[in-house]
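Number of protein chains: 2
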Amino acid sequence: MDFTICPATLDDCKDISRMILELAEHEKVLDQIKVTQEDLEKDGFIKNPFFHGVVVEVPDEHRSKEGHTKVGYALYFYSYSSWKGRAVYMEDLYVMPEFRGKGIGKALMSKVAQMGLAAGCSLLNFCVLDWNKPSLDFYLSQGCLNTTADMGYQFMRCEGVALEKLAKGGT
Amino acid sequence: MDFTICPATLDDCKDISRMILELAEHEKVLDQIKVTQEDLEKDGFIKNPFFHGVVVEVPDEHRSKEGHTKVGYALYFYSYSSWKGRAVYMEDLYVMPEFRGKGIGKALMSKVAQMGLAAGCSLLNFCVLDWNKPSLDFYLSQGCLNTTADMGYQFMRCEGVALEKLAKGGT
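As given, the protein sequences belong to chains A and B, one line each in that order.
End of the first sequence = 170 in numbering that gives the first Met the number 0, gap-free, step of one.
End of the second sequence = 170 in numbering that gives the first Met the number 0, gap-free, step of one.
What the hints contain is simulated information worked out from the structure, not anything from laboratory work.
Any given hint might turn out to be false.
Identical copies go unnamed one by one, so any copy, or any two together, can satisfy a pair.
[Claimed, not checked] Subject to a maximum C-alpha distance of 27 Å in a straight line, what follows is the list of computed DSS-like cross-link-like pairs (lysine-lysine): (1) Lys-101 x Lys-167; (2) Lys-105 x Lys-167; (3) Lys-110 x Lys-46; (4) Lys-27 x Lys-167; (5) Lys-13 x Lys-110; (6) Lys-132 x Lys-164; (7) Lys-64 x Lys-27; (8) Lys-27 x Lys-83; (9) Lys-101 x Lys-46; (10) Lys-64 x Lys-13; (11) Lys-83 x Lys-41; (12) Lys-105 x Lys-27; (13) Lys-110 x Lys-167; (14) Lys-41 x Lys-110; (15) Lys-83 x Lys-164; (16) Lys-105 x Lys-83; (17) Lys-33 x Lys-164; (18) Lys-167 x Lys-132; (19) Lys-110 x Lys-83; (20) Lys-13 x Lys-83; (21) Lys-33 x Lys-101; (22) Lys-101 x Lys-164; (23) Lys-33 x Lys-83; (24) Lys-164 x Lys-105.
Bear in mind the structure is a predicted one, so any value in this text is a computation, not a measurement.
Whenever a hint applies, use it, and build me the whole structure from the sequences.
Set out below in structure tokens:
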């Protein structure tokens, strides 16, 4: 199947928001999603954007059952390693279920890698859930390293009341 | 002990580079460090910087054995969660050994949390090594969540030949 991958524009935020919700519904975490189409518009398309995106589009004759031609996306942002310098972090990689198995996911990830290399990055980082065995196996097959399994990296999060307390000096 | 925490400037890159190397030497990973003072200068102090930093300074009378008054730093960058929106990632948090136990580390992390909240972030993310029990315990005591232990997040990395292959379409 033909498909094209382009940098996300303001007009893509509606489709990206729809797909974020689709993925969350599938994973039964819909109540966790705070990000709206408007958030994506104002966080990704400002002078110093918090993220960048790439979107997959299929020709109209291959549109989804519901009539969508934007059928996948990846979000990424630039980051930094104090060991290795410029890095790119892939936050999300999604392809609608009926479009899987056609190499679209790999093409999306490849695009993020290209963007990273073009910006002078020597690392691509991302997270995957340990129970998502097909994804984990795919990433390992591409030569990615699981720094949690191999080196003990624990991914930590501070949010809500804990983050506010921390900003006030911690407990 | 009195200390001040300020946003890192171009002039701080020499001290930050020194402390990155100190930490790496302590962890016996000196051969892993590719980042130089010049890299920090050109990656952190451009129009769209790859990172931001904060630096701790002590008064001259409390300078280190080697004569340093910049005795700790944190690096951070803004990031994004497709669930929760704007986030800040703390890449590094370091205090020189002779200045530990005085609340400087907590104050540095507090400053990063403040910067994140001021930029509209609702999450602070970072990694810690599982064998670094004192640090892990400290973060947990501050209300941070270990998403690896609790939810199965694996932190993945792609670099070198694997990254170049991926950018060319993957294997």
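Hint by hint, here is what the structure shows:
1. Only between protomers do Lys-101 and Lys-167 lie at most 27 Å apart by alpha-carbon distance; the minimum there is 17 Å, versus 50 Å within a single protomer.
2. Taking CA atoms no more than 27 Å apart as the test, Lys-105 paired with Lys-167 passes between copies only; the shortest distance there is 10 Å, against 43 Å inside one copy.
3. In this assembly of identical chains, Lys-110 and Lys-46 lie within 27 Å of each other by CA distance both inside one copy and across copies; the values are 22 Å within and 24 Å between.
4. For the homomeric pair Lys-27 and Lys-167, neither the shortest alpha-carbon distance inside one copy (34 Å) nor that between copies (35 Å) is at most 27 Å.
5. Proximity of Lys-13 and Lys-110 under a CA criterion of 27 Å is satisfied intra-copy only: 21 Å inside one chain copy versus 35 Å between copies.
6. In this homomeric assembly, Lys-132 and Lys-164 come within 27 Å of each other (Cα to Cα) only across copies, at 22 Å, whereas the closest approach inside a single copy is 37 Å.
7. In this homomeric assembly, Lys-64 and Lys-27 come within 27 Å of each other (Cα to Cα) only inside a single copy, at 22 Å, whereas the closest approach across copies is 56 Å.
8. For the homomeric pair Lys-27 and Lys-83, the shortest alpha-carbon distance between copies (16 Å) is at most 27 Å, but the shortest distance inside one copy (37 Å) is not.
9. Taking the shortest alpha-carbon separations for Lys-101 and Lys-46, neither the intra-copy value of 35 Å nor the inter-copy value of 39 Å comes in at or below 27 Å.
10. Taking the shortest alpha-carbon separations for Lys-64 and Lys-13, only the intra-copy value of 18 Å comes in at or below 27 Å, while the best inter-copy value is 58 Å.
11. Only between protomers do Lys-83 and Lys-41 lie at most 27 Å apart by alpha-carbon distance; the minimum there is 14 Å, versus 31 Å within a single protomer.
12. In the homo-oligomer, the alpha carbons of Lys-105 and Lys-27 lie at most 27 Å apart inside one protomer (25 Å), although the nearest pairing across protomers, at 36 Å, exceeds that limit.
13. Taking identical chains as interchangeable, the C-alpha atoms of Lys-110 and Lys-167 lie at most 27 Å apart only when they sit on different chains, with a minimum of 9 Å there against 41 Å within one chain.
14. Taking the shortest alpha-carbon separations for Lys-41 and Lys-110, both the intra-copy value of 23 Å and the inter-copy value of 25 Å come in at or below 27 Å.
15. Proximity of Lys-83 to Lys-164 under the C-alpha cut-off of 27 Å is restricted to the inter-copy arrangement: shortest distance 19 Å between copies versus 32 Å within a copy.
16. For a Cα distance limit of 27 Å, the shortest separation of Lys-105 from Lys-83 qualifies both inside one copy, at 25 Å, and across copies, at 25 Å.
17. Only within a single protomer do Lys-33 and Lys-164 lie at most 27 Å apart by alpha-carbon distance; the minimum there is 21 Å, versus 35 Å between protomers.
18. Only between protomers do Lys-167 and Lys-132 lie at most 27 Å apart by alpha-carbon distance; the minimum there is 24 Å, versus 40 Å within a single protomer.
19. In the homo-oligomer, the alpha carbons of Lys-110 and Lys-83 lie at most 27 Å apart both inside one protomer (21 Å) and across protomers (24 Å), since each shortest distance falls under that limit.
20. Taking the closest pair of Cα atoms, Lys-13 and Lys-83 come within 27 Å of each other only across two copies (17 Å); inside a single copy the shortest separation is 36 Å, beyond that limit.
21. Taking the shortest Cα distances, Lys-33 and Lys-101 never come within 27 Å of each other, neither inside one copy (31 Å) nor across copies (38 Å).
22. Taking CA atoms no more than 27 Å apart as the test, Lys-101 paired with Lys-164 passes between copies only; the shortest distance there is 19 Å, against 47 Å inside one copy.
23. In this assembly of identical chains, Lys-33 and Lys-83 lie within 27 Å of each other by CA distance solely across copies; the values are 5 Å between and 33 Å within a copy.
24. Taking the shortest Cα distances, Lys-164 and Lys-105 sit within 27 Å of each other only across copies (11 Å), while inside one copy they are farther apart (41 Å).
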